[in-house]
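Given chain A's structure and the hints, the job is docking chain B onto it.
Protein chains: 2
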Amino acid sequence: MLRAPLTPAQDAFGQLLSDLLAGRHVAEVVERDDGCMFTGDPAYYVAPFRSWWPQERRAMRLVRGRVLDLGCGAGRVGLHVQSRGHEVVAVDVSPLAVEIARERGLADVRLGTLDRVVRRDERFDTILLLGNNLGLLGGERQGRQLLRKLARISTERGRILAGSYDPYEGASESARRYQERNRKRGRMGGIERLRVRYREYATPWYDVLFASREEVAQLAEGTGWVARRFVGEGTGYVAVLERACTRPRSR
Amino acid sequence: MLRAPLTPAQDAFGQLLSDLLAGRHVAEVVERDDGCMFTGDPAYYVAPFRSWWPQERRAMRLVRGRVLDLGCGAGRVGLHVQSRGHEVVAVDVSPLAVEIARERGLADVRLGTLDRVVRRDERFDTILLLGNNLGLLGGERQGRQLLRKLARISTERGRILAGSYDPYEGASESARRYQERNRKRGRMGGIERLRVRYREYATPWYDVLFASREEVAQLAEGTGWVARRFVGEGTGYVAVLERACTRPRSR
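Protein chains in written order, with this note's numbering: chain A, 3 to 253; chain B, 3 to 253.
Here chain A stands alone, though its shape is the one from the complex (with noise of 0.2 angstroms):
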């Protein structure tokens, strides 16, 4: 998780979801500080609802009262909510993304990190953590932190929406050693060290956290949260999780 906002020269993701949405052909790449090089389609940070991954479309089932969209990039989940009904408050360091998800009518977008924009007396009922943000936890330690900053902003009966990916199921040979390089210095596996790169812009690195459900469930204990189900079967799914104050529903 990055601890401040970008500077122009580091918000190479505001400049490609600027370009992408001017209508040029981009292709996000993402370094890897084993020299590691990922490149994606970036389309999917403004999809339609339509094209959303199964688990997030099911996910949205889930969502009630005032909501925080945390990482929000150019609104793709918090425009969706927002039309839906719900107050929402979204968050990013981008510049641009702020900007970008402003303009396309989220009414309430928010520059900076998480301790400098929400107020210690808002409180939320529906966290969301989608589209992967579940990585913003970063790993063990700063994981626990967040989870702990986010019990104190939610509601009693509020809840994380959390979207993440198993990294160990089907892993590939590269994927595997950079793994037990993590586990050889006393990381989480899943856990990547990255930085997004667009033309002359590069963001600085930051962890992204990968987590198997059980991971997820462990990193939770202790922090005020319970998962309490996780939506999908396959290798992506969403945590959900709730205030473990709450009484599981089946008492």
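Worth double-checking, as some hints may not be accurate.
For identical chains, the list gives no copy identity; a pair is met inside one copy or between any two copies.
[What the hints assert, rightly or not] With a Cα cut of at most 25 angstroms, we get these calculated SDA-like pairs of lysine to any residue:
#: 1; residue 1: 186; residue 2: 11
#: 2; residue 1: 186; residue 2: 202
#: 3; residue 1: 186; residue 2: 172
#: 4; residue 1: 151; residue 2: 5
#: 5; residue 1: 186; residue 2: 35
#: 6; residue 1: 186; residue 2: 201
#: 7; residue 1: 186; residue 2: 36
#: 8; residue 1: 186; residue 2: 142
#: 9; residue 1: 151; residue 2: 214
#: 10; residue 1: 151; residue 2: 125
These aren't lab readings, by the way, just hints derived from the structure by calculation.
Here the structure is a predicted model, which is why all the values come from computation and not from measurement.
Relative to chain A, chain B alone:
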């Protein structure tokens, strides 16, 4: 221009072609030494003749006799020329590209650099540097050296067809800054120090020359070649170089 065949870990270009031909969605990532990233659709490397740039299609009329295809890649141009009945010798420094070009039916594909794989007594009537392979000239000193070598292995009626685009026409601000930096260092403005990156593979850094038509004409002077004409009226062109000892047609 690279001075030796790529090692497996360096063969980013070949791995990209290999995945492309296996039907995967891939993007080409080229990194410049100032940190700028360029991405593109690599489909052009295997495009059929009807989809080629107009200047390349037109330049095909100028192919005659025995042909040398320098930097043949997956064999886009070599295969077309061979199918028109020419004897083609194709050369590339990418082991995987060479393998792919052979599998696709190119009869004589050689792995390595010109000096190593073309015999001193071989002669060619047409030398192809298409798909921006004029870039292999690399710069002034290196470019003149390569042109002299090509003169020694060309017949008296030898002809080079070299593709490039004018890097100064409509250059972006970032391109102009880079060109200015080159000039301050005594280099031709249009040189770019690049490497291809793909997954965990990265080529070594190498200089790629983009040049205006005037620069190509100057570069050829005294190397045994004369820039006779340029096919293409836009930014992109194919330079037609003929042996300086051949009398101009108009006399």
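Exercise. Which numbered hints turn out to be false for this structure?
Worked result: Those not satisfied: there are none.
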